[in-house]
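Peer 1: Can you build the whole structure from these sequences, using the hints too?
Heads up: the sequence lines are chains A and B, in that order. Final position of the first sequence in the UniProt record's numbering is 423; the numbers increase by one with none missing. Final position of the second sequence in the UniProt record's numbering is 423; the numbers increase by one with none missing.
Just some of the chain A residues that point at chain B, by a computed CB distance under 8 Å: (1) V136; (2) V137; (3) A150; (4) F268.
Straight line, CA to CA, 25 Å or less: simulated DSS-like cross-link-like pairs of lysine-lysine: (5) B:K394 <-> B:K336; (6) A:K336 <-> A:K394; (7) B:K201 <-> A:K336; (8) B:K241 <-> A:K370; (9) B:K241 <-> A:K375; (10) A:K241 <-> B:K241; (11) A:K241 <-> B:K370; (12) B:K336 <-> A:K201; (13) A:K394 <-> A:K370; (14) A:K241 <-> B:K375; (15) B:K370 <-> B:K394.
It is worth saying that the hints were derived from the structure and are not from the lab. These numbers come from a predicted model, not from an experiment. Here a beta-carbon is modelled for each residue, glycine too, at the ideal position from N, C-alpha and C.
Below, each chain spelled out in residue letters.
There are 2 protein chains.
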Amino acid sequence: MTSDPAQPFRTEGEPSGRAFRIGLLGHGTVGGALAELLPSRADHIAAITGIRPEITGVHTRSNGTTAAEVIAGADLVAELIGGLEPARTYVLEAMAAGKHVVTANKQLLAHHGEELWAAAREHGVQLRFEAAVAGVVPVIRVLQESLSGAHIDRVTGIVNGTTNFILTRMAETGATYADALQEAQQLGYAEADPTDDVNGKDAAAKMAILARLAFDTPVHITDVAYEGIEHLTGDDMAYAKDLDLGLKLIGTAERVEGGIAVRVHPAFLYRGHPLASVNGPYNAVTVESEAITEITMSGPGAGGPQTASAVMGDIISAMIPPASTPETTQSLAVVKDVESAFYVHLEVADRPGVLAQVAQVLGLQGASVKSVVQKGLGENARLVMVVHPLLESKMLAAVELIAGLDFVRGRPRVIRVIEEQFV
Amino acid sequence: MTSDPAQPFRTEGEPSGRAFRIGLLGHGTVGGALAELLPSRADHIAAITGIRPEITGVHTRSNGTTAAEVIAGADLVAELIGGLEPARTYVLEAMAAGKHVVTANKQLLAHHGEELWAAAREHGVQLRFEAAVAGVVPVIRVLQESLSGAHIDRVTGIVNGTTNFILTRMAETGATYADALQEAQQLGYAEADPTDDVNGKDAAAKMAILARLAFDTPVHITDVAYEGIEHLTGDDMAYAKDLDLGLKLIGTAERVEGGIAVRVHPAFLYRGHPLASVNGPYNAVTVESEAITEITMSGPGAGGPQTASAVMGDIISAMIPPASTPETTQSLAVVKDVESAFYVHLEVADRPGVLAQVAQVLGLQGASVKSVVQKGLGENARLVMVVHPLLESKMLAAVELIAGLDFVRGRPRVIRVIEEQFV
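Peer 2: Next comes the structure, spelled out in structure tokens:
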């Protein structure tokens, strides 16, 4: 490791670009995922930025490398320890030494944000924290950059994936709170001690950060009233269905008469609300403002690779000046004949064997039928089906053959179907 | 107007900050909205950045100010003319003169993007274009910054609000294509000549831009195969419901064997797809990558103030260095007692007058009942209702009174309801 402050970048030779040294504090789920992800994307990042990121030091409680050593040898420090101390001290030390910092630590920012942001301004370094709220969902960047000039009225969020998973399972399966929590723990969506997730404290820290950015006013975690989901029953879910409502743990930060209000509590949402369809361990945030109407962003709220991706986006932003569209680094062929599932709508004579013959023609082109709806209309019938994915050229060939069958009336209608690919 | 290139900022005195001069090319829907929005936010922007944006020149076809004059007097040029020429020439001239450019012009970038991005790199200026795709939905910034290091597999989008409005109305009301188009025109969601919207060409330009950013390879509009919605029938909508599918005009840019495929066409989506619930004139884009799983962003895809907000976000980003969290500029009070609608769940004795008494107690606190579900359970009954918004303190007082009524069994259960506020 080198640590010459006058020479922030080491030269690695032109082909691979200058090196940008990243020090990791912490090597748990997120730190480990980052240590895996970053090298796999280093060539791409070097190609678009001319700078090659590399991990030059890792500090854990037990690996014998001190945090001071990692900080000294880095251009940027990724704080992935969590908790208030020693994370706060390390982040302050890194910034005082002129190093950029990226952190995923929501409690640190909800307690000590003003101190840390002031230190970043004082030392002229970047302190980025996309991963601290809603994982890879880019709400921090959007609030700080896209909407920095906007007059924001309200931020509403599902910012805890554990509770959203539990509530989704209770709604879908009628499971009790206890059973849904157990399932979440088995699937890795809840920790062995889920207290801070289910009681709303985790979400409260995130809402404090979002409120600070949205309203440009200091918000400490003690300003956020929170209530958890432990007391909800399957009964509430059943009645929610009768009333056409969905039950979520919702964080709200909004302008109200006399100031702002920041809260976390269970809430029913009407079906039309943009957060009502956010299910499972996903997070989502809606930002409202008169001029923009609203923006909603959603995605995985946790997970090692996902959170590490958010950290990596912050690292790249700290490395390079913004908003230059780099030269293209590759020249991919644009392919026109691709696979798709299809909806096929046929008007046919209503006589036996029609479906079998259509299915046979489809089969000759490699198309297999997934679902069928058939309706009689006097002498005629309507045959509507969905076929499994196949090349478009094959589907078009099958349609030509089907159009030529003597029982087919009019032109077959064909529309693509996008399969369920998000679980 | 001053145009001394050696003095990019005029000093306006400390309180209001340095001035940042913005030249507008075009003063239609978006330009007019920006000319209204920007001055209303200038104090806030000056407070957080120390720099005050001001519009120092406007060029229209008929106002007598030339584009060259506007460019000469600006630090940043907002190109809001649309079309290929003279927009392309003006943008090139502005960048050659060392001015940043913000544009909302998708056709310009889909045709001439590589030339323009190369010019921006050559002259060391920023060329930002958030408003060119999906209005205020921050997909450009997220692709260029948050996900610049990611290996993206697929981008899927509803990127034309006109067609999404038409398809939504056809699905909701059973309207024909022609009637839904007419309604869209009456509401201002479709232009008098809607050709480029309904035939998919507008969406194709946007997908070319998204594919370029996602895959880091040149994509020209002629690389994008497109198909419109003009041939869809209400019949397709009805069958879609039978098959539990939703019909949208979908743009797809994805890696396939041999390269990438970029297309726009109508497609059915299964209900679980993140774009299936995007209705009306909204736009939405889903980005998939193995490490991040997926991110979805949605919001208004058009509209003067919305598009102008996207332009304003780009302007501020061009003004200031990134990602410093500015000092707070205000100190808003955090209010704890706020209004909310409530779900109230009561176990009561099953006898006449119970609902009336509960409603009376609620009424005393100013709470009015919106909807009620009552179920008999032998001697007991369950009364579940939603009440219209009132202060939480008043609701809690009402609940205390209700808990004391002699026919109420057990503790009333109260959960907040978030009202439909998005139309």
